[in-house]
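Participant: Produce the entire structure from the sequences given, and follow the hints as far as they go.
There are 2 protein chains.
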Amino acid sequence: MSTNSHEASKSEKSIDRVYNYVKYYIKENTFSPSVRDICKGAGLKSTSSVHTYLKKLDEMGLIEYRPGMRRAIIIKNQDDEAQDPTPADVVKLPCIGKITAGQPIYAHEDYSDSFYVNRSIIGSNECFLLKVSGTSMINAHIMDGDYLIVRKQSSCQEGDIVAALINDEATVKRFGKMNGVPYLFPENDMYSPIPFNTEDCRILGKVIGLHRYSIY
Amino acid sequence: MSTNSHEASKSEKSIDRVYNYVKYYIKENTFSPSVRDICKGAGLKSTSSVHTYLKKLDEMGLIEYRPGMRRAIIIKNQDDEAQDPTPADVVKLPCIGKITAGQPIYAHEDYSDSFYVNRSIIGSNECFLLKVSGTSMINAHIMDGDYLIVRKQSSCQEGDIVAALINDEATVKRFGKMNGVPYLFPENDMYSPIPFNTEDCRILGKVIGLHRYSIY
DNA sequence: TCCAAATAAGAACAAGTGTTTGACAAAAGC
DNA sequence: GCTTTTGTCAAACACTTGTTCTTATTTGGA
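These protein sequences, in sequence, are chains H and W. Residues in the first sequence are numbered consecutively from 1, following this note's numbering. Residues in the second sequence are numbered consecutively from 1, following this note's numbering.
Hints are not guaranteed to be accurate.
As the list claims (entries may be wrong) - Restricting the straight-line Cα-Cα distance to at most 25 Å, the calculated cross-link-like pairs of lysine-lysine (BS3-like) are:
no.: 1; chain 1: W; residue 1: LYS27; chain 2: H; residue 2: LYS27
no.: 2; chain 1: H; residue 1: LYS152; chain 2: W; residue 2: LYS40
no.: 3; chain 1: H; residue 1: LYS92; chain 2: W; residue 2: LYS177
no.: 4; chain 1: W; residue 1: LYS131; chain 2: H; residue 2: LYS76
no.: 5; chain 1: H; residue 1: LYS76; chain 2: H; residue 2: LYS40
no.: 6; chain 1: H; residue 1: LYS152; chain 2: W; residue 2: LYS27
These are calculated hints, taken from the structure and not from any lab test.
Facilitator: This is the structure in structure tokens:
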């Protein structure tokens with residue numbers, strides 16, 4: 001972004017002003033400016049110019065500019081200060097209800113169901129909760145109604161109990177192999193192993209914990 | 001807004017979900033969700049419903065909702081909860097290692113092995129944790145190494161899973177009766193029921209939750 | 001059981017906003 | 001001086017999204 005010691009060209013000045021104004025605006029308002037807001041703020045009279053610079057800034061990796069989304073600019077490289085003062089001891093995790101393929105995990109979930117989990121359990125990993133429905137893992141002592149703590153990851157090892165997406169449906173199974181072929185094994189004699197083919201199946205994460213609040 | 005004191009009405013649930021989802025979304029993405037995003041997140045199918053709730057939330061002073069502006073919701077009063085995990089939401093419970101008869105339960109506890117549990121689980125009751133050792137309750141899907149959340153109480157009902165003191169030793173069993181005589185039943189065919197006589201036995205509390213952090 | 005109020009849904013509309021296209025002027029290169 | 005490149009602008013277009021209106025559905029109480 002910086003040039004030599006000589007003066008910045010006109011375009012550099014503009015792109016700089018755009019960048020700075022976006023940062024300033026977000027800091028002031030919490031939300032992003034629109035392209036037209038930036039016009040005013042950066043002294044440009046055409047939305048198209050601003051648009052061009054925003055795309056450039058995105059390419060440079062300074063911002064994240066989602067195509068088509070209004071007021072959705074994200075300033076990057078803020079890691080240093082942006083860190084939430086998340087209390088060290090405890091983390092609030094959302095509970096995923098339904099998961100749709102293709103969408104990021106958190107996309108559609110019903111957020112209402114969530115609770116705190118000890119930080120020591122999940123460390124710095126990204127995790128979510130999954131409420132068990134059914135008894136397909138009963139032999140692993142995972143019961144209907146249990147909440148599973150799932151550490152997000154897209155791969156796993158043999159023997160891991162994983163949360164997986166099978167044809168848009170989220171389930172919990174044990175990952176393993178039979179004759180070298182990967183399967184998702186239920187832990188219940190009433191159910192059959194499911195061949196793991198990368199087309200219909202996707203690993204969401206590994207189960208690292210379990211909370212049960214219905215004891216019978 | 002409130003109906004009876006015990007249960008939230010449907011509307012409260014929805015407005016709550018909207019509010020929570022907005023908070024969650026902004027935390028995740030930096031920018032606000034659109035009305036249609038909130039629809040998905042809060043499980044509502046009409047933008048108009050969401051719009052109504054957003055206006056209400058604005059009136060309540062919980063958010064700032066600018067008419068006509070896209071993705072420009074501001075969460076207010078973040079100071080309160082953004083800090084520590086609202087102490088009200090979470091409670092630190094001690095894990096009891098050894099318990100000695102006659103001593104109050106908390107007497108010897110070693111706070112080193114303690115962790116946070118959601119307030120919603122235990123309410124205003126006095127609780128403690130008990131780490132399971134052994135497999136005597138395996139048929140109830142309680143495994144070696146599990147942490148049990150025990151609500152302190154000195155009596156219990158038939159069928160309850162309880163923490164009890166038998167000759168100075170703390171164990172977990174299911175309380176029940178056989179031919180009218182009270183017993184403590186292990187949930188494992190390898191063990192025998194223990195007659196419950198008030199001289200050697202004492203109920204410490206009822207198991208109301210379970211945390212497992214060793215998944216195999 | 002029935003009616004009224006509260007919720008939610010669905011559709012249609014209107015406005016804000018991102019994106020594209022083309023044009024023009026200034027600057028840079030030859 | 002002429003061409004090319006760069007920066008800017010203006011306008012038009014298309015999509016996202018906020019808003020409103022109407023109609024169904026549910027809820028709660030008489």
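Participant: Which of the numbered hints above does this structure break?
Facilitator: As far as the earlier hints go, 3, 4 are violated by this structure, in ascending order.
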